[in-house]
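Below are the chains, spelled out letter by letter.
Number of protein chains: 4
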Amino acid sequence: MIVIMERRATEEQIQQVVARIEELGFRAHLSRGEERTIIGIIGDERPLSVEALEVLDGVERVVPVLHPFKLASRDFKPENTIVTVDGVRIGGDEIVVIAGPCAVESREQIFEVAAAVKEAGAKMLRGGAFKPRTSPYTFQGLGIPALELLAEVRETFGLPVVSEVMAAADIETMRAHVDMLQIGARNMQNYSLLQDVGKAAMPVLLKRGMMCTIHEWLMSAEYILSNRNYDVVLCERGIRTFETATRNTLDINAVPVAKQLTHLPVIVDPSHATGKANLVAAAAKAAIAAGADGLIIEVHPNPDRALSDGAQSLRPEAFAKLMTELRQIAHAVGRRL
Amino acid sequence: MIVIMERRATEEQIQQVVARIEELGFRAHLSRGEERTIIGIIGDERPLSVEALEVLDGVERVVPVLHPFKLASRDFKPENTIVTVDGVRIGGDEIVVIAGPCAVESREQIFEVAAAVKEAGAKMLRGGAFKPRTSPYTFQGLGIPALELLAEVRETFGLPVVSEVMAAADIETMRAHVDMLQIGARNMQNYSLLQDVGKAAMPVLLKRGMMCTIHEWLMSAEYILSNRNYDVVLCERGIRTFETATRNTLDINAVPVAKQLTHLPVIVDPSHATGKANLVAAAAKAAIAAGADGLIIEVHPNPDRALSDGAQSLRPEAFAKLMTELRQIAHAVGRRL
Amino acid sequence: MIVIMERRATEEQIQQVVARIEELGFRAHLSRGEERTIIGIIGDERPLSVEALEVLDGVERVVPVLHPFKLASRDFKPENTIVTVDGVRIGGDEIVVIAGPCAVESREQIFEVAAAVKEAGAKMLRGGAFKPRTSPYTFQGLGIPALELLAEVRETFGLPVVSEVMAAADIETMRAHVDMLQIGARNMQNYSLLQDVGKAAMPVLLKRGMMCTIHEWLMSAEYILSNRNYDVVLCERGIRTFETATRNTLDINAVPVAKQLTHLPVIVDPSHATGKANLVAAAAKAAIAAGADGLIIEVHPNPDRALSDGAQSLRPEAFAKLMTELRQIAHAVGRRL
Amino acid sequence: MIVIMERRATEEQIQQVVARIEELGFRAHLSRGEERTIIGIIGDERPLSVEALEVLDGVERVVPVLHPFKLASRDFKPENTIVTVDGVRIGGDEIVVIAGPCAVESREQIFEVAAAVKEAGAKMLRGGAFKPRTSPYTFQGLGIPALELLAEVRETFGLPVVSEVMAAADIETMRAHVDMLQIGARNMQNYSLLQDVGKAAMPVLLKRGMMCTIHEWLMSAEYILSNRNYDVVLCERGIRTFETATRNTLDINAVPVAKQLTHLPVIVDPSHATGKANLVAAAAKAAIAAGADGLIIEVHPNPDRALSDGAQSLRPEAFAKLMTELRQIAHAVGRRL
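Protein chains in written order, with this note's numbering: chain C, 1 to 337; chain A, 1001 to 1337; chain L, 2001 to 2337; chain U, 3001 to 3337.
Possibly wrong hints are sitting among the right ones.
As the list claims (entries may be wrong) - The list that follows gives simulated cross-link-like pairs (lysine-lysine, DSS-like), each with its CA atoms no further than 27 angstroms apart: (1) C/259 x L/2276; (2) C/259 x L/2321; (3) U/3199 x U/3077; (4) U/3321 x A/1259; (5) A/1259 x A/1070; (6) C/276 x C/70; (7) C/259 x C/70; (8) L/2259 x L/2077; (9) U/3077 x A/1276; (10) A/1077 x U/3199; (11) U/3276 x A/1070; (12) L/2259 x C/276; (13) L/2276 x C/70; (14) C/321 x L/2259; (15) A/1276 x U/3199; (16) L/2321 x L/2276; (17) U/3259 x U/3199; (18) A/1259 x U/3276; (19) C/77 x C/259; (20) C/276 x C/321; (21) L/2321 x L/2199; (22) L/2321 x L/2070; (23) L/2070 x C/276; (24) A/1077 x A/1259; (25) U/3276 x A/1276; (26) A/1321 x U/3259; (27) L/2276 x C/77; (28) L/2077 x C/276.
Said to hold, decoys possible - If you anchor each label on the Cβ, the simulated ranges turn out as follows: (29) A/1278 x L/2119: 44 to 50 angstroms; (30) L/2010 x C/304: 48 to 54 angstroms; (31) A/1151 x L/2010: 51 to 57 angstroms; (32) U/3087 x C/7: 31 to 37 angstroms.
Said to hold, decoys possible - Chain U is faced by these chain L residues, among others (derived, beta-carbon under 10 angstroms): (33) 2008; (34) 2043; (35) 2047; (36) 2049; (37) 2050; (38) 2137; (39) 2167; (40) 2171.
For the record, the hints were derived by calculation from the structure and aren't laboratory data. As the structure is a computational prediction, the values presented were derived from the model and not from experiment. For each residue, glycine too, the CB sits at the ideal point set by N, CA and C.
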């Protein structure tokens, strides 16, 4: 860390900062400029918070030097991590498309979607059993019966399944039925749940919070990794901005930025990132062109009747057409799909 | 809800929307303009989601008419709700100040703060036992020993205590030691936890998520209220914007807006909303002037040594001086403190 | 427009709204729901502002139905507009890449860049003569000598030139030296300047303001179009969000959204949208994959020595390599480059 | 400035950065940590841009140490500046309220408002002659006839007048009719206009752009000050965020932050910052409580008929009532009104 002192900081204040740094077990390094004195901290600053020094008299600002994440960092592990979910490898040359309905609604629905997306080339199935809904008065997911249907459909089609976990109490039940746990955007900073999925020893799909920076997203991954669960896939799903023409703003820059900072695979959710079925194809193609390792796309046999997220779900035919287009893009960037 | 059809929508598409509305149990009301046809939905639209109709062919946009929250709404209950926490009334004429450290760090620390803030006029004590920290490598709170200290200090000073709950599994332990459960900003949309505190039958302090709208905040309150827990106090604590000069941006407009929309008490956290001790007084005074029912302020006997949030904590002397100033403002807006 | 009355609006208030609508020359259409009354306005609402009705007693909210832009709308002109700049067609099947330095710095620099980008396949040259800089103490552009160099380089290489206009007083001088006027992001809502470039009868490159919605961007285009200048190319260049890892956040969704709403060509500036040379390629590829009609890219022979925007400028070799990659993507989406 | 090198930066890259710093006329100061090397720059860094060094190989990040503004800074001039507008002193103990309609609409209207706001205690009059409107199809202001009415009303009531300038060509005409030039939010980074009002030698009211940081706002003030016009009053008028319940989000923190950073007076516009008449009083009181030096408030004799901004305009009676309440708040913070 670097401590920038106020212009009017006294020699005594400077010495107090140095003393505090040394008391905390670090070495201090002074640099006196014409207008300001700067104090560098030598040592692994990660356990130290910016505030611990910003609070001292005469300090104007404290700037971290190291990335706060360690296990998630490319500095720590330069080569790409490949996360394997029941045989499907995410993070390699092949682009992995996960598809399925927002929520499991019925046996017919989930079987119909699974057949269609498998046929079109999807490698994994998504489907919600527990749904985080803004309103307590709308459909909250079928719960355990949905998990049972997912396990059944997985058996039938050989597609590994990812589903969102909303509470620690559900983890063991989910383990019996699905292959990968999704942490939803609203729970990205639910540190209690992150610790629990960290201990679960199952692959995790970690969605970026709609209000969270890329650094915070990697810190949430660090919570999971530091519990010795290294099978984390990051998912950009759009952030909240002032723009209201789309449900969220796809932060396409986040794909190359995250790929530079971390060795973990990065996929994109073009359905939530746009909120409109007629924008999904453009966003999906952009994601692959920008270097994403995969996509998670909402598909519903009858979006008009979907109990949630119908407006952003593709019909199976539209999904199949998109897969064909995505293959072209994947090829253009030297990858397979 | 109002369905706005595309300019080029066909008569058949219009009739399909009408049919779908009626199938869902509502009545439809057509209005044909020069450039667009508008279809109004007659009935209680709350269980209906915008997407359910936006997905239909020929629909451009769907606009909700009713507020999605019901129990939290002033339409539902026009008079102010007063939440009583062990005898302290929040939401009445008297402005309630809650003060204390970010985290309970030691017996000495919490006793010293409690004595000081009580002396200065605070009516409740805050203190974290479980801390949501961005990094897994920084101080996470003392946990249960902190709760025990809070119970002890409450006994000694007669100050009701609020502390943050991060996991459903902790609720019963917390009930034995504290008087009010805080839902932190990062958990505002942790619907599973909201359901659980809803069932806990204890007063809840619901912080606004840093990138959640006022409507979403009230919807999270609705999750608690709809579980028959009506003792909810809302807390504005700053939102995330592009401005980086402060930790968060205090949305002072949210105070009068929330007071108009809901009957629940609204308080402000000037410590998190600014992130800097030297801005807390200005923000606290603004909050009372804007109509807030109370404040929650971080106070630490020795911010230089605080294990978390030191930079935004007031020293006891500064807090006592602020309380004197706040009394003037409270008086100026016709209230007491 | 649709006027949503408050739940408690009286019959008298409803009648006053109807009377006001009729007084303004429109017809009113009432729809009485269980909880609210809705009043639709029949007629071309564009000259009417939402506020004119929101101000009336008993009104809760007013929702516009029509897009506020008319000439820029695809409803008005369904087929794509092709803007021709001295023979270069923007908006057709061929993707147009504009490249060059942030600012013209010297004869050597601009000639070297022009030769290199032409060789790599760029169809137009960019180069700033007047630079909008946050600080009055940094390089503000060479001014008229830069325009003269641009005219000379255009002559030599046959590349049409675009350059930013910052003041109405400069328009005539610029007309003599460049082929297209750029309105920068900071001037997107400088309506006085928009009117002036509208009257200038020259092609205009209209950058999106960093905190302007897509609708506002199209309204700024409407200012130019309504002065009978129809040669407007829109340019998405990143918006301002809470994310600080990149200079701006490329709103990739804006490309398909704008293409749906308007017939005008839409290009992307991956240099400003990322702010870092090592992110430009990913953003540029994403833009083409998402359907952009072109790109404007900063290229500098020696970014280390650039007087502005060096960090986001590509070296000529990197630009040439990117052009090769972009051709693959263009081909994958059925276009040429 | 401080240059943070990448973890893997080579000794050669480090030496190249040092060489470049020295070539630019500064001294470099190395600090080698365990994981990173940091290079401090000794000297007045203001003419240097971050990018000039960020572009070098092996550099991860460059952090500015000094504020980029100089003349506007409290480091440069510690005591408060008082701006005098035709005898009215802004920035002293007395809080100055400027009031009037969004736009001058007629002789009757502006005389009626002027009489009412003067009677209620306003010290200056506002009124737009040239209006920046999002749509080219809505009322754009009366122009020069409005300026003539303002000059007349100023004569009659002895109220100095502020009005927005949108184009350099209008400055001389405005000088003859009004006392203070307003730079609107949309033109805050119209550097060409800032230079021109800097040379105009008239007091300037500089509104913060809705998308601009506090630092950028002060840099725009610096443009005016560096042209030797020191009579600049800053005006916070709300920023754009994700919240849609209000027209803008009043950044109340900006008041104490700006007062700490600069010696210039800071006032608040609660009308634009909220967009709704029924929120103006709360925002105005908060502004005074937070330390603002004044307010600028929209007042219209008949908001229902206002040609612009009716929804956020107070009626004269509501304004008079608010002034009485504001006097209490001013008194509570030790000031007069």
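What are the numbers of the hints the structure violates, in ascending order? 6, 10, 15, 21, 22, 25, 29, 30, 33, 34 and 40
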